[in-house]
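Whenever a hint applies, use it, and build me the whole structure from the sequences.
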Amino acid sequence: MTLPVLDHATAVHFAQLALSHVQREYPNKLDHVLLNDGDAMGPAALHPVFYGSFDWHSCVHGYWLLATLYRTTLARDPHDDTRARIHALFESQCTAEKMHAEVQYAAHPSRAGFERPYGWAWILALQAELDRHDHDAGRRWAAVLQPLTDVFVGRFMAFLPKATYPIRVGTHFNSAFAVRLALEYADAAGHTALSAMVRDAAQRWFLNDRDCQAWEPGGDDFLSSALMEAECMRLVLDRAAFAPWFDALLPRVTTREPAARGRRLHGRALARDVRAARASRSLTRGGSHRRGAPGGMADEVIAIWHTEVRQGTARQ
Numbered sequence: 001m002t003l004p005v006l007d008h009a010t011a012v013h014f015a016q017l018a019l020s021h022v023q024r025e026y027p028n029k030l031d032h033v034l035l036n037d038g039d040a041m042g043p044a045a046l047h048p049v050f051y052g053s054f055d056w057h058s059c060v061h062g063y064w065l066l067a068t069l070y071r072t073t074l075a076r077d078p079h080d081d082t083r084a085r086i087h088a089l090f091e092s093q094c095t096a097e098k099m100h101a102e103v104q105y106a107a108h109p110s111r112a113g114f115e116r117p118y119g120w121a122w123i124l125a126l127q128a129e130l131d132r133h134d135h136d137a138g139r140r141w142a143a144v145l146q147p148l149t150d151v152f153v154g155r156f157m158a159f160l161p162k163a164t165y166p167i168r169v170g171t172h173f174n175s176a177f178a179v180r181l182a183l184e185y186a187d188a189a190g191h192t193a194l195s196a197m198v199r200d201a202a203q204r205w206f207l208n209d210r211d212c213q214a215w216e217p218g219g220d221d222f223l224s225s226a227l228m229e230a231e232c233m234r235l236v237l238d239r240a241a242f243a244p245w246f247d248a249l250l251p252r253v254t255t256r257e258p259a260a261r262g263r264r265l266h267g268r269a270l271a272r273d274v275r276a277a278r279a280s281r282s283l284t285r286g287g288s289h290r291r292g293a294p295g296g297m298a299d300e301v302i303a304i305w306h307t308e309v310r311q312g313t314a315r316q
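Residue numbers for the sequence shown, in my numbering: 1 to 316.
Treat the hints as calculated values from the structure; they're not laboratory data.
Being a predicted model, the structure only gives us computed values, none of them experimental.
Do not take every clue at face value.
To be verified - With beta-carbon atoms standing in for the labels, derived distance ranges: (1) P78 with Q213: 33 to 39 angstroms; (2) P78 with H13: 15 to 21 angstroms; (3) E25 with Y165: 22 to 28 angstroms; (4) H100 with Q213: 26 to 32 angstroms; (5) A88 with A188: 35 to 41 angstroms; (6) P109 with L17: 22 to 28 angstroms; (7) L17 with H79: 20 to 26 angstroms; (8) L17 with V169: 23 to 29 angstroms; (9) P147 with G42: 20 to 26 angstroms; (10) E25 with H135: 25 to 31 angstroms; (11) H100 with G42: 49 to 55 angstroms; (12) N36 with A188: 35 to 41 angstroms; (13) Q213 with F173: 17 to 23 angstroms.
Glycine is no exception: its CB is placed at the ideal position from the N, C-alpha and C atoms.
Here you go:
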């Protein structure tokens, strides 16, 4: 099947959404351990770069969205006003001084669990995206972000060997989602140690999974735990190994198990639809959506996701 191409108007719409909140400081839900009275500070003081969007990780993936649109759809018109706004944002926020404060905060030993693992993964995804930019500004932004990325690479490498079991919830703590984004960064950056560690963890956790019951989504989910596991293992296994593994994991996937989406009860449900769209796009990478699922099953899986996302969007 052919996925719809992101048109300019839709790209501008998404970009404007992110631009409207990545620098909006309040309301804000901090993930903050106070070490002394001096740590009682507001979001922008604690996080000079990623202080908006209600919480830190949402701000990070807001920047990822903007960087991706800047490089792809909006790049078709270099003089586009929205693209110019994104450029100005990165120029003002992605500075060595501001990023140093983010690094100092994240690297503190008492904050080893800060944003684990969801925020860790999104920083690596943002780094992978900026590393794709082949212009001077993009290379400068990537270089400024790299020290913070290195902190979270270290966090992953310290944590993964200790993680005997994966976390399979459909929320921020989902292990498959985090290691999938970490692996994308590791492979693109040539970080062989991280890549090997992620692949080892994923195979320890998921390789022997069979006949997933996929009782989802739960009322708090914005990810499909089952489909995210499949997307993770798509990168971990070669094509010959992935196809039988996927068949064994989800033998009833084309009958809509995992389940179709329900009504949105809160903001996470919208996030669920966005993540589903991203996952379905990921299944088609590399020139052949057949890598995403064995045989013709990929067509049906992707069609289900896109139908559900389109219907959900139309209801808003």
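For this session: Please write out, lowest number first, the hints stated earlier that are contradicted by the structure.
Result: 1, 3, 4, 5, 6, 11
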